[in-house]
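Assembling the complex is the task here: the two chains are given apart, and the hints tell you how they should meet.
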Amino acid sequence: MHISWPVRVLVYFAVAIAAFAVLFPLLWMLLSAFKSQADIINPDAPIFPTHWHWSNIRDAWTAAPFGRFFINTAIFSAATTVGQVITGMIAGYAFAMFTFPGRRILFYGVLSGLMIPFPVVIVPVVELLADFGWIDSYQGLIVPNLASALGCFLYRQFFLSAPVDLAESARLDGASEWRIFWSIYRPLAQPMTAALTTIVFLQNWNNFLFPLVVTSKESLMLISQGLTIFQGQLLGTQYNLLMAGSLIAVVPVLIVAMFAQRRVVAGLMIGATR
Amino acid sequence: MKGGPVKRWARPRSSIAPPKPTRPRGIRLRTWSTAYAFVLPVLGLTVLFSVVPLVMVIRRSLYKGNIFDTNLKFAGLDNYRAVFATGGGHSLLVTLIYTVGFVAVCMIAGIAVALLLDLPLPGLGAVRALFIIPLVVPAVATAFIWFALFQPQTGLFNRVLTAVDLPQVTLSDPTIAVLAIISFGAWQFFGEVVILYLAALKTLPRDVVEAAVVDGSNAWQRLRYIRLPLLRPQTALIAVISTLTGLQAFTQIFVLTNGGPNGATQTALYYVYNQAFGLGAGGSVGNADAMAVILFVISILVTVAQVVVVGRASRAVV
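Quick note, the sequences are listed as chains A and B, same order. Those letters in the first sequence? Residues 1 to 274, by this note's numbering. Those letters in the second sequence? Residues 1 to 318, by this note's numbering.
Everything labelled a hint here was simulated from the structure, so no lab data went into it. Heads up, the beta-carbon is just placed ideally off N, CA and C, and yes, glycines get one too. Where hints are given, some of them may not hold.
Claimed, not checked - Partial chain A-side listing against chain B, Cβ under 10 Å, derived: (1) Ala18; (2) Ile71; (3) Pro101; (4) Cys152; (5) Ser224; (6) Leu227; (7) Ile248.
Chain B with its partners taken away, still in its complex shape (with noise of 0.2 Å):
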């Protein structure tokens, strides 16, 4: 009881902590009019924008034709074939390694940072505005110093390869190349890990810790035994929200690689991008929506897997 009603009210309550009951609501509307109107404009952007567009592009991902095609032809799976035969078998790899990569990097670091920043220490609270900027600055201009950061003799990494004594880095070097689009989207994204776990971090039961530090426990095994296995559905959940971006990643493959070279960086997405609007009459729109559509369900996976990893986690908890 201890806030009352006014408090409880002015907290918005999370979607990371676990699902609270709805408690019924007493409102009974005789005019519904007033819900359908505050309803109808979301609705309706959501049917034009997305349900349609996807309706569509799965229809059309059978058929066969060009973008302003009027008489398609059914295709069955001819459009899926091409995909792989263009290239999108191969796009899929690069997807999954840079996904990998990027939330394994963006995971270590951000919960690693997140708990040093959380330690009661003067300036720390400070110095968390940093690791917001990369979110918040347009990522085609901090790519673009990636950009810079690469080029041959006078970017700084190959000025410090020279230094000491070791081989220049290019981005034409496949391995570079993704390496360059992963570090650039670890860089750029993972201050948002950083804030969900420092978010996470205070809604630890405090009670639980401190009992710990009574009964001897160190830091470290407080750490492993306590505090992580509590965190387990945020993490859950943080992955989640991460994968997510990094199956979505656009902006620094556009900027720096352009997909290339030889298709090393050009992920689902961009293979998606360059069928329907890269490579002019070369590409094929059937192929794109075919991709859209492997690259649908792959989001629909990672989602229903956070709904039993996040039920699983929470129940373990429990």
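Here chain A stands alone, though its shape is the one from the complex (with noise of 0.2 Å):
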């Protein structure tokens, strides 16, 4: 297709000022983080900082626990990623593989029943995870994300079309059917498990409202719980300190994100590729 040179420029003009749109928030955070008080509060400061002053991540880091909640944010998303992977996968290979009595509406029901938006249920839970007396652990935080709509539907649309025939003829070898999946279709599912893997993990990293109404303590808190209990402590005057603890929380998301860019756009996209 051609085209014009004026139609290239517009164009190009045109996309400079989205991902401006999107990229001064983030340049905005980066300059106050390294800005004096002084400079923060004075509304005739310069908005580029007249002094970097780098110890102000530092200051952050040690105003809160960071380490203690980047640990936990680590250990949360890593098991519960792992746990909506599995169940996932499995559950879909199943569904999509197997003859078995109640298939389509246990199918139906797993589906509608993951699809119940979790603010709908969430007052509940909080009650059940009482019950189990699971408040402010990280089972609590864990098992009740364990599971993933988007994970078993993905795999039984994807295990509908793999071949047949290397199941049948493995069976005729003798070998067992845990040992047919994970050794035959496991791998075939490697890219879609690569993109889902990334999605969820971020997704789960991301988590707020979850933690937030199943922790209090500090010493289970995930990063965005821990950032607003710093929020708290600033009494909402140290805005530098605040954006040096946002930069805190980024920068580390953000260069897994540039790093795994593909893979972060196969899972956004998963399931709109065709």
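Here it is, written out as structure tokens:
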């Protein structure tokens, strides 16, 4: 397709505006994170820091137990992601590859059950966890998040179009059902597993509402909830430290997402690619 | 037949594409135990953490009592009446305003950027990555940025407004507060719409578009009469995904306004949160349950609308 140069200029200009709209809040965070408190509260101070206060990062880091928050977030995200991918994969595989009584009704049951939005059931879930004695515990954070509708649905779709003859010949050779799944079919789904794992991991890493209602102990907080505590401690005045804390939370995810960019995009359009 | 059987399983089938009939499976497993064992974890977790709580929430929305009270009393629709007496009706209105604004901005900005990035020009592929940044970084952290942007005197917005001699804005103004949570929501989510539309644009049948070029149509005509109508099923799906996301907005409200000023940004979900967890003894779990049921009904209606609209849109195209 030929595109004339005035149109090209317009296109690049429009894309630049859109990119700026996405980036300027992040740039504002970056600039504010390194300003002095005096520059922050002075409306006449320049937008760029007059002096870069790198020590803001250290001050923010010591103002809240960020190390603890990161460890908690890593434990939570790793456990729930592995859980969601594996439970989704084996269930989707079973729904696609096996014929068994109640298959259809169980599949649609799981699907509609898992599509109940979490906010709708938030109150009774917290009560259930309280009954188990799981409030303020890792199992309370993790166990309710071990299943996902998306994974189950996507793997079922995937395995429905996988060849069945592989399983049949393996069965004739006497392979167990688990071995057929694990050695033959699981590797086939590898590209989708990679994309799904990436996106589910990021979602879990950023989960806010669930940990907020299940934990109140600082030693169990994830990074998002930890930041809100941090905000309260600063009494809403030290925006430079608040931005430094936000920067601490944003940068690691940003680096990982940039390195795994293809997987992230594949994950975001999972179910939308053909 | 092009591609052969190997290619067919290599490609994940999409949920956004028109549904294909599932082909019958040849396997009849004599022992069903494997199948049930594979399905059990998801099934058990779903029943325990979704189905049972849903039944609880519906049942309890009809009863009065405290969160750990064992002697609940049947109250009929009292909780629902109480919801509307405690600002729940206004919350539903806020939810409607927020969701409409959020979906409109996301859809319009999303398809516009996707159409631009879809053009075969050098460098555009690299820019795509920028639009996913707000989606993947923690929303609490980026919501703090909005908090800083809206600061009186020193926030970026107020600096710009002062520079052009306009009055200052603040989050304690109800209109500004609503605009702030909508703009944050759209900023955070519209990259998803871009990515979904980019994927959808790749699925358009190339021969149809090329035939239109041969017939002498201009770019606007091709967009208006060929590409957008062909995208209708995906548009319906993306709109529903956005709507369901909009109905669940929480983070920026928590960070920026806490539902205020004076309930101006208290959405239905935030009402549930406030009644059950946010107000201490001032809240009522019965009200939270009743509003959760209302929220559930709305979500169901949106999902049903999706099935109907997507179905009609795909038929219209075929």
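Tested hints:
1. Ala18: 5 Å, holds
2. Ile71: With a minimum Cβ separation of about 16 Å from chain B (threshold 10 Å), the hint on Ile71(A) is violated.
3. Pro101: 7 Å, holds
4. Cys152: 6 Å, holds
5. Ser224: 4 Å, holds
6. Leu227: 5 Å, holds
7. Ile248: 8 Å, holds
This entry does not satisfy hint 2, going by the numbered hints stated previously; all others are met.
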